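Chemist: So you can see what is in the structure, the chains are spelled out below.
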Amino acid sequence: AQTVTQSQPEMSVQEAETVTLSCTYDTSENNYYLFWYKQPPSRQMILVIRQEAYKQQNATENRFSVNFQKAAKSFSLKISDSQLGDTAMYFCAFITNDMRFGAGTRLTVKP
Amino acid sequence: EPEVTQTPSHQVTQMGQEVILRCVPISNHLYFYWYRQILGQKVEFLVSFYNNEISEKSEIFDDQFSVERPDGSNFTLKIRSTKLEDSAMYFCASVGQGYNEQFFGPGTRLTVL
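Quick mapping for you: the protein sequence lines, in order, are chains A and B. Following this note's numbering, the numbering of the first sequence begins with 1 at its first residue and continues without gaps. Following this note's numbering, the numbering of the second sequence begins with 1001 at its first residue and continues without gaps.
Please note that a few of the clues may not be correct.
As the list claims (entries may be wrong) - Cut-off 30 Å, straight-line C-alpha distance, at most; resulting in silico cross-link-like pairs (BS3-like, lysine-lysine):
#1 B/1057 / A/73
#2 B/1057 / A/55
#3 B/1078 / A/55
#4 B/1078 / B/1042
#5 A/78 / B/1078
#6 B/1057 / A/110
To be verified - If you want the ones that stay clear, here's a sample from chain B, every Cβ over 12 Å from chain A, calculated:
#7 1013
#8 1028
#9 1044
#10 1048
#11 1065
#12 1073
#13 1078
#14 1079
#15 1083
#16 1085
#17 1113
Just so you know, these hints were derived from the structure itself, not from any lab. Note that this is a predicted model, so its numbers are computed, not measured. We treat Cβ as the ideally placed atom computed from N, Cα and C, and that holds for glycine.
Modelling step: build the complete structure from the supplied sequences, incorporating the hints.
Modeler: What follows is the structure in structure tokens.
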């Protein structure tokens, strides 16, 4: 079975500090894509960052970066210089034939 | 920038009624998906659609659900006889060539009374 596990239901961080959200997954596929989505109170799904499983280099997108460990099936998200607007639910997901999501981590950035 | 659109943004219906949720995927995309998110829970895959047929579906997608692409642009999700537990946010998504990013619509909030 393909599963995604986010073990941190809630996290908080002070504005301007760095926070890391963890994600592990399980799949027998070798080719897949991994994503972090942000869901603000509006409930829209916003893509934060994407990683192709065949690429060893960790993806970065401005203040967002990932630590992708394929052998360990781990895909954590690091948010640097946290901003108040980063407050949201964050979902880890991967796609092979369909997309599977983790349960989410509710991140609160405190002023 | 092209985007996925969904209508209505909010649908309220009585239990047992049929609802149709509409999505307009990005025009040159080939793969289409419906997801459901019950309030406070994770996003759940319902169904994927490619080449005018269902390619994958989850255990949630039972006989009460159906999907259609009636006119080459709209992609619809029909729930034949809604139940209270169908109340959720329903997201449509589409994927183009390369199959590496799903573009999500803004969602339709379905409330079953």
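Chemist: Now tell me, hint by hint, if it's right for this structure.
Modeler: Taking the hints in turn, this is what the structure says about them:
no., hint, verdict
1, B/1057 / A/73, "25 Å, holds"
2, B/1057 / A/55, "29 Å, holds"
3, B/1078 / A/55, "39 Å, violated"
4, B/1078 / B/1042, "21 Å, holds"
5, A/78 / B/1078, "39 Å, violated"
6, B/1057 / A/110, "40 Å, violated"
7, 1013, "19 Å, holds"
8, 1028, "18 Å, holds"
9, 1044, "7 Å, violated"
10, 1048, "5 Å, violated"
11, 1065, "15 Å, holds"
12, 1073, "21 Å, holds"
13, 1078, "20 Å, holds"
14, 1079, "19 Å, holds"
15, 1083, "21 Å, holds"
16, 1085, "18 Å, holds"
17, 1113, "20 Å, holds"
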